[in-house]
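S.K.: Using the sequences and the hints given, assemble the complete structure.
There are 2 protein chains.
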Amino acid sequence: MSLDGFIADEDGGIDFLSAVESPGEDYGYSQFISHVDTVIMGRKTYDKVLSFGIDFPHAGKKCYVWSQSRIGKDKNVDYVQGDLTGLLSSIRSTPGKDIFIDGGATLVHALMEKNLIDQYIISVIPVMLGSGIPLFRSGRPAEKLHLIQSLSYPKGLVQLWYDNIP
Amino acid sequence: MSLDGFIADEDGGIDFLSAVESPGEDYGYSQFISHVDTVIMGRKTYDKVLSFGIDFPHAGKKCYVWSQSRIGKDKNVDYVQGDLTGLLSSIRSTPGKDIFIDGGATLVHALMEKNLIDQYIISVIPVMLGSGIPLFRSGRPAEKLHLIQSLSYPKGLVQLWYDNIP
Chain W
1 MSLDGFIADE DGGIDFLSAV ESPGEDYGYS QFISHVDTVI MGRKTYDKVL SFGIDFPHAG
61 KKCYVWSQSR IGKDKNVDYV QGDLTGLLSS IRSTPGKDIF IDGGATLVHA LMEKNLIDQY
121 IISVIPVMLG SGIPLFRSGR PAEKLHLIQS LSYPKGLVQL WYDNIP
Chain D
167 MSLDGFIADE DGGIDFLSAV ESPGEDYGYS QFISHVDTVI MGRKTYDKVL SFGIDFPHAG
227 KKCYVWSQSR IGKDKNVDYV QGDLTGLLSS IRSTPGKDIF IDGGATLVHA LMEKNLIDQY
287 IISVIPVMLG SGIPLFRSGR PAEKLHLIQS LSYPKGLVQL WYDNIP
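Those sequence lines, one after another, are chains W and D. Sequential numbering from 1 applies to the first sequence in our numbering. Sequential numbering from 167 applies to the second sequence in our numbering.
These aren't lab readings, by the way, just hints derived from the structure by calculation. It is possible that some hints are incorrect.
Said to hold, decoys possible - Derived DEER-like restraints, expressed as beta-carbon distance ranges:
| # | chain 1 | residue 1 | chain 2 | residue 2 | range |
| --- | --- | --- | --- | --- | --- |
| 1 | D | I237 | W | Y27 | 46 to 52 Å |
| 2 | D | Q197 | W | A19 | 28 to 34 Å |
| 3 | W | D26 | D | D221 | 48 to 54 Å |
| 4 | W | G82 | D | S255 | 42 to 48 Å |
| 5 | W | L17 | D | N330 | 18 to 24 Å |
| 6 | D | F198 | W | A19 | 23 to 29 Å |
| 7 | W | L17 | D | D203 | 36 to 42 Å |
| 8 | W | D47 | D | S196 | 48 to 54 Å |
| 9 | D | S289 | W | S123 | 15 to 21 Å |
| 10 | W | K155 | D | S200 | 18 to 24 Å |
| 11 | D | K228 | W | A19 | 49 to 55 Å |
| 12 | W | S123 | D | S200 | 31 to 37 Å |
| 13 | W | S123 | D | K228 | 34 to 40 Å |
| 14 | D | G248 | W | K155 | 50 to 56 Å |
Glycine included, every Cβ here is placed at the ideal spot set by N, Cα and C.
M.R.: This is the structure in structure tokens:
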């Protein structure tokens, strides 16, 4: 997110991320994603990813897209609706790796309303966007957090890792 | 601010700061304030400080309170109105130390609308408040920032220092 809490500008654009682009630097993503076997995405995020015209980045993982209108599946993902508590309980009931919530704000809010997120990894980009799509919306329960680590990178990105304290 | 960007709960309460209270730890405040000779506060913040019933913490410094209704001065501060561009130009035109913007959100927003803040020191408290008074409001111009340093403390507070890049 930008320092002022936005994950995209008002048109959904993410050009501000170019401020921290650096050849060969993935900010820990490849290591992170190697611990993940299940991905849940918001519908808008999924459509955004598809719009890039690249290979689906989560191929090989079990992938769910949370949508109120689409049902069934496509070649990449299963569509899921409604309260995600049951889905998460089901996934967690069998052995596996971590579950990655790959945006966006609507899905994150729905999960936080139910206190369903165990760990937050927040990358703070050195920019004030001024306006846009906020990562966090108001009207959720409070959560106590435990700082695991804070990583600072040469381009000015700071990555904050927290566990949710039950 | 809380990780989700709030500086107080919906009633203006700051009990969440107790999560990082630690005897003898002031998170750099005494060193910071020694470089400051002028303080600008929002009116609500000033009233909040007075409500604590303690000695005015900025005694000995030139102190302005930004208010749309109060004029003149009291024993601690001068009241100022309207656009702060002129006041800041005036203060900056004579040699002196740093100017500290001691909250709150309304004043910060007014200054950021005019891109009048040179440096940000943001202390991120390890808590999600869920709702409350946001530090940053929408509808400002974008700003590019340069990360000066990121400091991580044992209680989980992370302090982010940025210069505003003109």
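S.K.: For each hint, tell me whether it holds in the structure or not.
M.R.: To see whether the hints hold, each was checked on the structure:
| no. | hint | result |
| --- | --- | --- |
| 1 | I237/D - Y27/W: 46 to 52 Å | 51 Å, holds |
| 2 | Q197/D - A19/W: 28 to 34 Å | 29 Å, holds |
| 3 | D26/W - D221/D: 48 to 54 Å | 51 Å, holds |
| 4 | G82/W - S255/D: 42 to 48 Å | 56 Å, violated |
| 5 | L17/W - N330/D: 18 to 24 Å | 19 Å, holds |
| 6 | F198/D - A19/W: 23 to 29 Å | 26 Å, holds |
| 7 | L17/W - D203/D: 36 to 42 Å | 39 Å, holds |
| 8 | D47/W - S196/D: 48 to 54 Å | 51 Å, holds |
| 9 | S289/D - S123/W: 15 to 21 Å | 18 Å, holds |
| 10 | K155/W - S200/D: 18 to 24 Å | 31 Å, violated |
| 11 | K228/D - A19/W: 49 to 55 Å | 36 Å, violated |
| 12 | S123/W - S200/D: 31 to 37 Å | 33 Å, holds |
| 13 | S123/W - K228/D: 34 to 40 Å | 39 Å, holds |
| 14 | G248/D - K155/W: 50 to 56 Å | 38 Å, violated |
Consistency note: the structure conflicts with the earlier hints numbered 4, 10, 11 and 14.
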